[in-house]
Structure formats: structure tokens, C-alpha cells
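Enquirer: Please model the entire structure based on the sequences and the hints provided.
Taken in sequence, the protein lines are chains A and B. To get this note's numbering, take the position in the first sequence, counting from 1, and add 79. To get this note's numbering, take the position in the second sequence, counting from 1, and add 79.
Copies of the same chain look alike in the list, so a pair counts if it works inside one copy or between any two.
Taking lysine to any residue and the SDA-like style, the derived pairs with C-alpha atoms no more than 25 Å apart in a straight line are: (1) K148 x N131; (2) K192 x R87; (3) K115 x R86; (4) K102 x L181; (5) K167 x E120; (6) K192 x F118; (7) K165 x E147; (8) K85 x S124.
No lab work stands behind these hints, which were simulated from the structure alone. Since the model is a prediction, treat every value here as computed from it, not as a measurement.
2 protein chains.
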Amino acid sequence: MTRPSKRRSPCPVSCTLDLIGDKWTMLVIRDLMCGKSQFVEFCRSPEGIATNILADRLQRLVEHGLVEKAASDEESRRDRYRLTAKGKSLRAVLDAIAHWGLANIEGTEARLKPKEG
Amino acid sequence: MTRPSKRRSPCPVSCTLDLIGDKWTMLVIRDLMCGKSQFVEFCRSPEGIATNILADRLQRLVEHGLVEKAASDEESRRDRYRLTAKGKSLRAVLDAIAHWGLANIEGTEARLKPKEG
Chain A
80 MTRPSKRRSP CPVSCTLDLI GDKWTMLVIR DLMCGKSQFV EFCRSPEGIA
130 TNILADRLQR LVEHGLVEKA ASDEESRRDR YRLTAKGKSL RAVLDAIAHW
180 GLANIEGTEA RLKPKEG
Chain B
80 MTRPSKRRSP CPVSCTLDLI GDKWTMLVIR DLMCGKSQFV EFCRSPEGIA
130 TNILADRLQR LVEHGLVEKA ASDEESRRDR YRLTAKGKSL RAVLDAIAHW
180 GLANIEGTEA RLKPKEG
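Expert: Put into C-alpha cells, the structure is as follows:
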């Protein structure tokens, strides 16, 4: 169980937003759920995350046990990241956000398909 | 349907986060779902939102059709805010966030009860 050091209140909504309540974190989690694992892959997503923001968000996700570093790719020597079980359990939050966007925001398209499991 | 002026991509997750992806907006929506309607009531929530941030978030929510100003309270002459149907449809997102927090973050407590309808 995570215990963020600075919590604003004991409210589960507030505490969850302390972890994922920004414009970028859930996009990194979306990418991980869709099978991306390398830093350069996250950078290529259409939203154009800045590398310093990406590095910060990945580090925070690792610190909070939502993401783990997998063994590096031997050929490229690039780190790989993957969701932990706890990170995967954010799937319901991601799905609810995606579903709301598709129903309420004109011109949105579900181009990415989350991987099962 | 909302069409944010600056969208990062057509992804429904990204576009939804453009509207609600910050540390405060969903807390205001939580308070509205729990029956709060006045500026001073949102200010009294335990997270201690700053008045300038609250004013900004309420204005954005009104601009995007998620919240509407109701008739002022005649006695106090204070504005009242309420969720539109579109705002109420964020209930599934709020519930998913709350559920995840309760299951994964130690010491969180569901003290507030959303109103039905």
C-alpha cells in the first residue's frame, strides 16, 4: 500500500489525485497499457511529452510501486518499463476516462488498443 | 459536445485530461456530487483549495458545460453552482478513482457520500 508523504486529506479521491492527478501521468500509464515500454516510445506519442517531464513521471511511478524497470533490452541497452499489478489495477480508471471522453468530447478517437492482462 | 481549443491529440484520455487532469478539478466535482454548491463550502473542504484556484476551476467547468450557476441564494446572495448532466456523467470516473484509492492507498477513508441522481 502506498502512503504518499504529503497528503492533502484522507479522501481516496484526493490521495489518488496526489499520485496520478496531472496532465501526463495517465498518458504514460495509457502507453504502458498499450504495450509501450521504452523511453523513446513514450516520447513518440502524439501528445509530445517533454523528456524531463517523462523522466520525472516514470521515476514517481516507480517510487510509488505502479511501474517497475524490467531487464534492459540486451541489444539496445535501453531500459524497459512495465506496469506492476498495482499499476495495472488503474485500468478501470483509464477505461472510465476514455469512455467519458469518447462520449463527451467531439472528435476523439480510440486509436490505441489496450493489451489484455 | 466540448471541443477544447488546444488539444494535444485526438485521444479521448488526453482530451479528458485537458479538462479534468489536475489535482483540484475532480475535488470540486466530488464536492458538487456530495451536495456542496457554494464557493465557501468548497473552500471549507479539508484539502484547503486556494480561492484563486477554486475560482479558476469553477470558471473552466462552467465554460466547458460541466457546471452551471444556479439562481443565487436569496438570503445570502451567494452564487450557487451545480453539475450539469454532462458533469454528472463524470460520476463513473470519480467512482473509479475513489475505488482505486480505497483499495491501494493506506489510510484513505470514504467519509463523503455522493448524493443520488
